[in-house]
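Quick mapping for you: the protein sequence lines, in order, are chains A and B. In this text, residue positions in the first sequence follow the numbering used here: the first is 3, and each later residue adds one. In this text, residue positions in the second sequence follow the numbering used here: the first is 3, and each later residue adds one.
If you are wondering where the hints come from, they were derived from the structure by calculation, not from laboratory data. Keep in mind that a hint or two might mislead.
Said to hold, decoys possible - Listed below are the simulated BS3-like cross-link pairs for lysine-lysine, each with C-alpha atoms no more than 25 Å apart in a straight line: (1) A:136 - A:49; (2) B:48 - B:136; (3) B:49 - B:136; (4) A:48 - B:308; (5) B:300 - A:48; (6) B:221 - A:221.
Stated by the list, open to error - To be clear about the criterion: a stretch of chain B counts as covered by chain A if any three or more of its residues have a C-beta under 8 Å from a C-beta of chain A, and this derived list gives those stretches: (7) 44-54; (8) 168-176; (9) 222-234; (10) 290-304; (11) 308-315.
Every value quoted in this text rests on a predicted model; they were computed, and no experiment measured them. Cβ coordinates follow ideal geometry from the N, Cα and C atoms, glycine included.
Protein chains: 2
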Amino acid sequence: KTKIKQNLDELAEKIREGSRLHLAKAITLLESAHPEDQSDAQDLLKKMLPYTGDSIRIGITGVPGAGKSTFIEAFGKMLCERGHRVAVLAIDPSSTVNGGSILGDKTRMEQLSREPNAFIRPSPSAGTLGGVHKKTRETMLLCEAAGYDIVLIETMGVGQSETIVRGMVDFFLLLVLTGAGDELQGMKKGIMELADTIIVHKADGDNLRPAQRTMSEYKRIQHFLQSATPGWDTRTHLVSSLENKGLSRIQETIEEFRETCMKTGFWSSRRTKQTTEWFQAMIRDRLIDTFYANNDTKQRVSQFEKQITEGQMTVSQAVDLLFSDEKTELI
Amino acid sequence: KTKIKQNLDELAEKIREGSRLHLAKAITLLESAHPEDQSDAQDLLKKMLPYTGDSIRIGITGVPGAGKSTFIEAFGKMLCERGHRVAVLAIDPSSTVNGGSILGDKTRMEQLSREPNAFIRPSPSAGTLGGVHKKTRETMLLCEAAGYDIVLIETMGVGQSETIVRGMVDFFLLLVLTGAGDELQGMKKGIMELADTIIVHKADGDNLRPAQRTMSEYKRIQHFLQSATPGWDTRTHLVSSLENKGLSRIQETIEEFRETCMKTGFWSSRRTKQTTEWFQAMIRDRLIDTFYANNDTKQRVSQFEKQITEGQMTVSQAVDLLFSDEKTELI
């Protein structure tokens, strides 16, 4: 017990000193399924809490083929060159093994991973819930404690991932391609209204003129949609990651966004709200898990479901029966 | 007990015979807060289940001032004249008294309420959850058992009401006004993507030309949004309830919609999904209600919430403590 405590203290110290190796180790601990590891990870996280919160948390999503990785690499590199420390959290679809994904590190964002001020962590897709790793929020906190002042969270674009990531970041970027009309057909409902800035990506070469037209198109549509952040009108910008164009503008926009939200007080009120909602969502999830963990209950629910859809029972009657007939210790 | 059973049998019979008085009485029973009334109402509803499901369920929402009541009155009258039996369910914001709202009946939709084939039921706003009355879904079933082949559910446009109503209807109508640009600024996020048909309302007199422009505008925007129903492209139509113009077209559109969805099988699969989701949502709500009903638990949650936002505790630790420390009988 004392040994573990010492190890955790050492781990915390190394992370605070900026050791990427120890940060990666801590995240692996966080993602571990072992109850003891989880308990250790929470103890570690608690130690780290005083040092969290000082980053800009940025969510990044995009239509398929929009070039998220390419953008993150170019944008991340620029930020590093300007003295920032950048953490990139992403789901690695190729990896299903718990405990990190070495291969992912090497094959994607190769240039950025060589930056000493960058930390890239592709989490295994195994631990995802609605398309986001269950531990991404806590991983973000660890990265902040490790001194990363910009955290980029890439979404896989599946399930509820955009909404979930929106619920843990300050600023949300949407990457789109030219040919808005066709593109948008495949875009998920409501995605545009989550974004604080839309980037028309791959705005280079022959694609520059269509990209300009697409930008105007998006600006027009923007008028018809609500902005994701009160007091901030969603921006649309052109970016070429290939030619490193437009990246400075994105950084400036994010800085302006932060200043605006600091002034209105929305910056901290959104964060408090996000934390509270996270807590409440976790309570809800635990309640539902505990409820359905009982095999008897699970069977009765599906039996009632059948009776309901066959018109033999009302929904209210089924719920009443579930909650009155039997007394199970739930918490 | 036998007496009540007899009464319920009689009530069921009268409803089936088309007595609006008895239908109203049954809905009042459904909306009652008394446990005995609730139990009776569920017994009654169970009796009625074999006769439910044969209507077209239509949700209606609109931007403020779009003229929902005027439209429902004109549309409902036309449907009655064409031999349909039309039930209108709405929240009555003026009424807070449980047990029906006589005044609402008289002041709104006066003409429609005189139709023998129409049944208008404004439910008190007191029993709403997210902007929809908790019993609207079951009221709809009673109306179907009473032989109403078209049920119109009007949303108040507050809270989650549009999404909730979308989850209980086959077809969803959105009423908008001319001047889309300004209008849409005040439109709730994602509302357009819930609609199977958008009606540009008040398309009459000097307003006709702007309405046509608005319609083109909406059709354009429609391209950028996903349709609410697979296999059905959202339509946009002009309607003047004042001049009774465009109402036939709406009925035809709804008929076409039904045929399309019947062919794809989506009509019944959506309904089954809606019922199952309703059941699951009611289980979730009951779990959460039961959990927070415990005063001790409630206090601990808000105490933990404070500690979390002050950085003294991680969210996972708080949830673990809530679910391990104490054993409460929940179900």
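Hints and how they fare:
The suggested pairing of residue 136 of chain A with residue 49 of chain A holds, with an alpha-carbon distance near 20 Å, which does not exceed 25 Å. Under the criterion of a C-alpha separation no larger than 25 Å, the hint pairing residue 48 of chain B with residue 136 of chain B is consistent with the structure, at around 17 Å. With a C-alpha separation of about 20 Å, the suggested pair residue 49 of chain B and residue 136 of chain B falls inside the 25 Å cut-off, and the hint holds. Distance hint between residue 48 of chain A and residue 308 of chain B is fulfilled; the C-alpha atoms sit about 15 Å from each other, no more than 25 Å.
Straight-line distance between C-alpha atoms of residue 300 of chain B and residue 48 of chain A comes to about 23 Å, which keeps the hinted pair within the 25 Å bound. The straight-line distance between the Cα atoms of residue 221 of chain B and residue 221 of chain A is roughly 17 Å, inside the 25 Å bound, and the hint therefore holds. For a cut-off of 8 Å, the count of residues in the stretch 44-54 of chain B with a CB near a CB of chain A stands at 6, and the three-residue condition holds. Counting residues of the stretch 168-176 of chain B whose beta carbon lies closer than 8 Å to any beta carbon of chain A gives 0, which falls short of the minimum of three for the stated coverage.
Remark: the stretch 222-234 of chain B is confirmed as covered by chain A, as 5 of its residues place a Cβ nearer than 8 Å to a Cβ of that chain, reaching the required three. Counting residues of the stretch 290-304 of chain B whose C-beta lies closer than 8 Å to any C-beta of chain A gives 5; at least three are required, and the coverage claim holds. With a cut-off of 8 Å between beta carbons, the stretch 308-315 of chain B has 5 residues touching chain A; three or more are needed, and the interface restraint holds.
In this structure, the one hint that does not hold is number 8.
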